[in-house]
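Chemist: Sequence:
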Amino acid sequence: MTWRALVREPLVQFLVAGLALFALHAQVRPDPDAGMRVDRDRVESTRAGLTERLARAPDDRELAAALRDALDDERMAREAVRLGLDRDDPIVRRRLIQKLRLAHESTADVDSFADAALLALRDAEPARYSAPARLALTQVLAARGRHPDPAAAAGELVRLLEAGADPAALGDPGPHARRFGLRPASDYAGLFGPEFAAALTDMPAGTWSIVQSPLGAHAVRVDARAPAELLPLAAARPRLAADLAERRRAEAVEAALAELRRSDPADLTDLPADLAAMLAEHDL
Numbered sequence: 001m002t003w004r005a006l007v008r009e010p011l012v013q014f015l016v017a018g019l020a021l022f023a024l025h026a027q028v029r030p031d032p033d034a035g036m037r038v039d040r041d042r043v044e045s046t047r048a049g050l051t052e053r054l055a056r057a058p059d060d061r062e063l064a065a066a067l068r069d070a071l072d073d074e075r076m077a078r079e080a081v082r083l084g085l086d087r088d089d090p091i092v093r094r095r096l097i098q099k100l101r102l103a104h105e106s107t108a109d110v111d112s113f114a115d116a117a118l119l120a121l122r123d124a125e126p127a128r129y130s131a132p133a134r135l136a137l138t139q140v141l142a143a144r145g146r147h148p149d150p151a152a153a154a155g156e157l158v159r160l161l162e163a164g165a166d167p168a169a170l171g172d173p174g175p176h177a178r179r180f181g182l183r184p185a186s187d188y189a190g191l192f193g194p195e196f197a198a199a200l201t202d203m204p205a206g207t208w209s210i211v212q213s214p215l216g217a218h219a220v221r222v223d224a225r226a227p228a229e230l231l232p233l234a235a236a237r238p239r240l241a242a243d244l245a246e247r248r249r250a251e252a253v254e255a256a257l258a259e260l261r262r263s264d265p266a267d268l269t270d271l272p273a274d275l276a277a278m279l280a281e282h283d284l
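FYI, UniProt numbering numbers position 61 of the sequence shown as 61, with every residue one higher than the one before it.
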């Protein structure tokens, strides 16, 4: 039998998967003797911590006392676990679960990603990794407080603008510019309020309309629109890398949980059959 045929054998694949899971557990399982081992690395780490805390180098007596305290803490922690003091404390349980989850997450390969993997993620969720649609506009303000009826004053502005008047020569002074280059609608919501931005959604380009804002009534013309577009890889890379790293960590935790479900199954014998079938952990 050739090696290619051999690797396709189900038994061989099962053994390979088992070895991989064993390696994972070996990597995340703490060394039971590490807490009570005092070696040169631990001494130097303790010395560095004391130096930072004391703002000077510790003497041998201070170093020995710190090491003794750490060993005593380890003994107390082990004895508490032996007595089962961790079992009925929800805070301790949550902390243990969190530490194990972090240990499994640390096994994920998130140091670097090939461009192809990042592009595959971007293209699979284009809405998430696209620059939003943008629009440019001109607005001329009929300010609230300067006119008995700002909407009527804005209507007169529209009449003059449609007749060819210069927007820069009309309207009341306000806190914002009259002309804006291409911007997402969210920018206009921040400047003029959400109702103003919402009115821009279906406004045809090149025509004057009246739009209300907390500042008053505006004569508004959409000058140009640019559709949403996929971000180039260079611009999207930081977010793509962060999202892909998060996914790989989640996958590492899920793989570990799948193995734990197999090795430590729940007892579902007393459940109704339908609920037991839905909860069957080997199907999760």
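Since the hints were made in silico from the structure, they are not lab data.
Just so we're clear, the structure is a prediction, and the values are computed from it rather than from any experiment.
Heads up, the beta-carbon is just placed ideally off N, CA and C, and yes, glycines get one too.
One or more of the hints may lead you astray.
[As the list claims (entries may be wrong)] FRET-style restraints, in silico, Cβ to Cβ:
1) R40 with P132: 55 to 61 Å
2) R87 with V43: 48 to 54 Å
3) A280 with P238: 37 to 43 Å
4) L96 with L54: 42 to 48 Å
5) P90 with A276: 36 to 42 Å
6) R87 with A133: 52 to 58 Å
7) R144 with P90: 51 to 57 Å
8) G193 with R87: 53 to 59 Å
[Said to hold, decoys possible] When the alpha-carbon atoms are kept at most 25 Å apart in a straight line, the in silico SDA-like pairs for lysine to any residue are as follows:
9) K99 with D115
10) K99 with D274
11) K99 with M76
12) K99 with P126
13) K99 with A117
14) K99 with A165
15) K99 with S45
Chemist: Tell me the hint numbers this structure goes against, listed in increasing order.
Modeler: 2, 4, 5, 9, 10, 12, 13 and 14
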